[in-house]
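> Each chain is listed here by its residues.
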Amino acid sequence: MLARPPSHSPALGPGCAGPPLAEASSVSIQYPAQPTAQVPTCGAASFLVDHNAVNAPGRDPSQHTQMPYVTGSSVLALTFKDGVMLASDTLGSYGSTKRYKSFERIRKVNDRTVLGASGELSDFQYIMNLLDELTTDDFCEDDGGMLSPREIWSYLCRVLYNRRNKQDPLWNSLVIGGIEHGKPFLGTVGMIGTHYTDDHIATGFGNMLARPLFREKHSPDMSEADAEALIHEALKVCYYRDKQSINKFQLAKITEAGVSVSEPFALPTRWDYKHFENPSANAVGTW
Amino acid sequence: MSGIGTGYDLSVSTFSPDGRVFQTDYAQKAVDIGGTVIGLRCNDGVVLGCEKTVVSKMLEEGSNKRTFAVDRHAGLAIAGLSADGRQVVNRAKSEASNYLSFYGDKIPGHLLSERIASFVHVFNLYWYARPFGTSVMLATMDRAGPQLYVIDPSGTAYRYFGAAVGKGRQGARTTIERLKLEQLSCADGVKEIAKILHQVHEEEKPFELELSWICEASGNEFRRVPADVVAEADRLAKAALDESDMDDD
Amino acid sequence: MTIIVPSGTGNVYAGSGTIQHPSWSPYDENGGTCVAVSGNDYCVVASSNRLSTGFSILTRDESKIIKMSHKCVIATANCQADRKTLQKTLQTRHIMYMHNHGKPMSVAAMAQLVSNTLYYKRFFPYYTYNLVCGLDEEGKGAVYTYDPVGSYERTGYSCEGTGKDLIQPVLDNQLKASSPLVLPAENWMTALPMDDAVDLVKDAFVSAGERDIYTGDVVELLIITKDGVRTEHLDLKKD
Numbered sequence: 001m002l003a004r005p006p007s008h009s010p011a012l013g014p015g016c017a018g019p020p021l022a023e024a025s026s027v028s029i030q031y032p033a034q035p036t037a038q039v040p041t042c043g044a045a046s047f048l049v050d051h052n053a054v055n056a057p058g059r060d061p062s063q064h065t066q067m068p069y070v071t072g073s074s075v076l077a078l079t080f081k082d083g084v085m086l087a088s089d090t091l092g093s094y095g096s097t098k099r100y101k102s103f104e105r106i107r108k109v110n111d112r113t114v115l116g117a118s119g120e121l122s123d124f125q126y127i128m129n130l131l132d133e134l135t136t137d138d139f140c141e142d143d144g145g146m147l148s149p150r151e152i153w154s155y156l157c158r159v160l161y162n163r164r165n166k167q168d169p170l171w172n173s174l175v176i177g178g179i180e181h182g183k184p185f186l187g188t189v190g191m192i193g194t195h196y197t198d199d200h201i202a203t204g205f206g207n208m209l210a211r212p213l214f215r216e217k218h219s220p221d222m223s224e225a226d227a228e229a230l231i232h233e234a235l236k237v238c239y240y241r242d243k244q245s246i247n248k249f250q251l252a253k254i255t256e257a258g259v260s261v262s263e264p265f266a267l268p269t270r271w272d273y274k275h276f277e278n279p280s281a282n283a284v285g286t287w
Numbered sequence: 288m289s290g291i292g293t294g295y296d297l298s299v300s301t302f303s304p305d306g307r308v309f310q311t312d313y314a315q316k317a318v319d320i321g322g323t324v325i326g327l328r329c330n331d332g333v334v335l336g337c338e339k340t341v342v343s344k345m346l347e348e349g350s351n352k353r354t355f356a357v358d359r360h361a362g363l364a365i366a367g368l369s370a371d372g373r374q375v376v377n378r379a380k381s382e383a384s385n386y387l388s389f390y391g392d393k394i395p396g397h398l399l400s401e402r403i404a405s406f407v408h409v410f411n412l413y414w415y416a417r418p419f420g421t422s423v424m425l426a427t428m429d430r431a432g433p434q435l436y437v438i439d440p441s442g443t444a445y446r447y448f449g450a451a452v453g454k455g456r457q458g459a460r461t462t463i464e465r466l467k468l469e470q471l472s473c474a475d476g477v478k479e480i481a482k483i484l485h486q487v488h489e490e491e492k493p494f495e496l497e498l499s500w501i502c503e504a505s506g507n508e509f510r511r512v513p514a515d516v517v518a519e520a521d522r523l524a525k526a527a528l529d530e531s532d533m534d535d536d
Numbered sequence: 537m538t539i540i541v542p543s544g545t546g547n548v549y550a551g552s553g554t555i556q557h558p559s560w561s562p563y564d565e566n567g568g569t570c571v572a573v574s575g576n577d578y579c580v581v582a583s584s585n586r587l588s589t590g591f592s593i594l595t596r597d598e599s600k601i602i603k604m605s606h607k608c609v610i611a612t613a614n615c616q617a618d619r620k621t622l623q624k625t626l627q628t629r630h631i632m633y634m635h636n637h638g639k640p641m642s643v644a645a646m647a648q649l650v651s652n653t654l655y656y657k658r659f660f661p662y663y664t665y666n667l668v669c670g671l672d673e674e675g676k677g678a679v680y681t682y683d684p685v686g687s688y689e690r691t692g693y694s695c696e697g698t699g700k701d702l703i704q705p706v707l708d709n710q711l712k713a714s715s716p717l718v719l720p721a722e723n724w725m726t727a728l729p730m731d732d733a734v735d736l737v738k739d740a741f742v743s744a745g746e747r748d749i750y751t752g753d754v755v756e757l758l759i760i761t762k763d764g765v766r767t768e769h770l771d772l773k774k775d
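Chains as they are written, first to last, in the numbering used here: chain U, 1 to 287; chain Z, 288 to 536; chain G, 537 to 775.
Bound conformation, chain U alone:
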């Protein structure tokens, strides 16, 4: 029988192999941590640019998008008693650079639909152009009809899925919120075409940071005020923990009365929590 390697981590207990977690290993000394972009398959991963990969020698110039450039972080969304709420910050990151600080990542599509996007922001602008074209078609039709949120969601699902079939994906996680037959509609679609509807949705880091909060506190019949308080709390948590976020948010509400996208606002924050001052004291394995 092979000897079991000794544990390097008192936190993990005896018998667990692996590099020591609490100190830098030789691997990380030789190759300092690289920012990595991950794939927004449909919301769970975060977004970042790897400059080394962008500038890698010998990269074929005629390739399709192999990585995002300017990216947006989480979009959070939930339903409430009489509508849907979406929120995100207004940052467009270029790698770790805060490149665009007033980028509106939540946009109105028509009088009952709003679209929020994380991931590649140029792709988002392209998608908005597609939707604006459809909305103008509805305007020209002049019969008062317009695409419903579900129709827009379905359309985007096909657009993103078809682009991934061409090996040329639109690098986004999209959140579509609106009112459909008097009921709230909330759906999402990722760059691969993975899509679903739910009572609450979060893309990027939000899926790890905000959704546990949503799962605990959200109910579909909550009031608008409660929903707003919850989404504020979730935004704040994302801001505390997500490096790629800023304290400048936009909140969109869609109710029977129509669509509103707020002016950018900031949330009050505190940085003097004990656990913030010495974060590793209570979490072995972090640094």
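Possibly wrong hints are sitting among the right ones.
What the hints assert, rightly or not - On the chain Z side, residues computed to face chain U include the following (Cβ under 8 Å):
(1) Ala356
(2) Val357
(3) Arg511
Stated by the list, open to error - The calculated EDC-like cross-link candidates involving lysine to aspartate or glutamate, where the alpha carbons are at most 16 Å apart (straight line), are:
(4) Z:Lys380 <-> U:Asp226
(5) Z:Lys393 <-> Z:Glu508
(6) Z:Lys352 <-> U:Asp226
(7) G:Lys773 <-> G:Asp597
(8) Z:Lys380 <-> U:Asp137
(9) Z:Lys352 <-> U:Glu141
(10) Z:Lys525 <-> Z:Glu469
(11) Z:Lys380 <-> U:Asp138
(12) G:Lys773 <-> G:Glu746
(13) Z:Lys393 <-> U:Glu133
(14) Z:Lys380 <-> Z:Glu401
(15) Z:Lys478 <-> Z:Glu495
(16) Z:Lys352 <-> U:Asp142
(17) U:Lys81 <-> U:Asp226
(18) Z:Lys380 <-> U:Glu133
(19) U:Lys81 <-> U:Glu256
(20) Z:Lys380 <-> U:Glu141
(21) Z:Lys393 <-> U:Asp137
(22) G:Lys774 <-> U:Glu216
(23) Z:Lys482 <-> Z:Glu508
(24) Z:Lys393 <-> U:Asp132
(25) Z:Lys492 <-> Z:Glu508
(26) Z:Lys344 <-> Z:Glu495
(27) Z:Lys380 <-> U:Asp132
Bear in mind the hints are in silico, worked out from the structure with no lab data behind them.
Source: prediction; values computed, not measured.
Don't be surprised by glycine CBs; every beta carbon is placed ideally from N, CA and C.
Go by the hints and put chains Z and G onto chain U.
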């Protein structure tokens, strides 16, 4: 119509000895016998109005649309054969949308009119084509302000202060020429158009007013004039007509 | 079978180690388990409603079974985007079939259609694991099981998806009558009464939910008999 029987009116690819393209003339004729369409460029926007004869009692109100938005800032009124007109509308829509996706800006009115004119003109060039039996009025609002264009079946495009085509054009034009358009607002323009259309309408058959405008009141977008505004203009026009009838008597 | 997909595992160049760079894969592993058990006059089909990616749960209520007719359903595990496309395609094809023939497809016909549809994308496959289930022309339970590129066979019971490794051996143990190699061929159809089959499927899911992180939340069971399709739900742990 001197072309009949001469053989010069069978195709647009043959001129007549005195330099006419009869098919184009006939297309123009198709417009001239259709319902009157009026456009006014007022000081704050453009109003387009159509006289739509109600051909049957069974016709639903609002059917046979004659004014169409082709983008948010531009719209057409079609005179003559409405089926031909819709082809032009479709082309105008795609020109507007292509321009927007290529240049990221709304298509300027003069360019749109030029492109519609080129499209219409092509049908005057080939033996297998038939010119459109329609004249279209184009109302736009861009950086140059409100503009009114008329494109006729030959592909000629002119910019106007005020224009009228169709059956009642003669009478309508004389009335329009007397209007002080630079002092006229769209709200008044609607009333003037209603008045003129009632004035030039001859037959006993009833007609429907179709009015669209682009101005401050429509959010600078090409939209139908609201029903209550049309009704009010209609009422005033009828009253004015009754009054002048009494003067005549 | 295993499908080799382009993966984002890095890019080596001089003066550096392997650098993780943001490549992407057109496929996503969304998990889920599908089980079908058929008997002489029934067919039980079940799948878990959890949709995952990596270590994240995307949603807890996403049905993986599509009902094509009152005699035929299709359960599909893995890549959700491909599943939706496949199921949509099959549904339109089935509706066209019904317009043309004035009757729903038989399970055998549907089984062949699914195979053809999968094989059509042989060189950029739908990354899905399918079960076509229902009652055949004789009213007997039928389960067809597939690989992602369309190879298929009719079986008496089957399991696909992330819980396959946990559930399939149990089904084999409980349901397998005799080796298909025994000659003359013996009836491989399960002789289990329907209620026992339903219980077996439920037990299988409860067990899989205990060990497979991609199986959980709720199980949707479709019980197909000559009277139609009945749906049941069984709650699993949400962890």
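> Hints first: check each against the structure and report whether it holds.
Here's how the hints hold up against the structure:
no.: 1; hint: Ala356; in the structure: holds (4 Å)
no.: 2; hint: Val357; in the structure: holds (6 Å)
no.: 3; hint: Arg511; in the structure: holds (7 Å)
no.: 4; hint: Z:Lys380 <-> U:Asp226; in the structure: violated (45 Å)
no.: 5; hint: Z:Lys393 <-> Z:Glu508; in the structure: holds (12 Å)
no.: 6; hint: Z:Lys352 <-> U:Asp226; in the structure: violated (48 Å)
no.: 7; hint: G:Lys773 <-> G:Asp597; in the structure: holds (13 Å)
no.: 8; hint: Z:Lys380 <-> U:Asp137; in the structure: holds (9 Å)
no.: 9; hint: Z:Lys352 <-> U:Glu141; in the structure: holds (11 Å)
no.: 10; hint: Z:Lys525 <-> Z:Glu469; in the structure: violated (25 Å)
no.: 11; hint: Z:Lys380 <-> U:Asp138; in the structure: holds (12 Å)
no.: 12; hint: G:Lys773 <-> G:Glu746; in the structure: holds (8 Å)
no.: 13; hint: Z:Lys393 <-> U:Glu133; in the structure: holds (12 Å)
no.: 14; hint: Z:Lys380 <-> Z:Glu401; in the structure: holds (14 Å)
no.: 15; hint: Z:Lys478 <-> Z:Glu495; in the structure: holds (15 Å)
no.: 16; hint: Z:Lys352 <-> U:Asp142; in the structure: holds (10 Å)
no.: 17; hint: U:Lys81 <-> U:Asp226; in the structure: holds (10 Å)
no.: 18; hint: Z:Lys380 <-> U:Glu133; in the structure: holds (11 Å)
no.: 19; hint: U:Lys81 <-> U:Glu256; in the structure: holds (11 Å)
no.: 20; hint: Z:Lys380 <-> U:Glu141; in the structure: holds (11 Å)
no.: 21; hint: Z:Lys393 <-> U:Asp137; in the structure: holds (14 Å)
no.: 22; hint: G:Lys774 <-> U:Glu216; in the structure: holds (13 Å)
no.: 23; hint: Z:Lys482 <-> Z:Glu508; in the structure: violated (24 Å)
no.: 24; hint: Z:Lys393 <-> U:Asp132; in the structure: holds (12 Å)
no.: 25; hint: Z:Lys492 <-> Z:Glu508; in the structure: violated (33 Å)
no.: 26; hint: Z:Lys344 <-> Z:Glu495; in the structure: holds (12 Å)
no.: 27; hint: Z:Lys380 <-> U:Asp132; in the structure: holds (14 Å)
Of the numbered hints given earlier, the model fails hints 4, 6, 10, 23, 25; all others are met.
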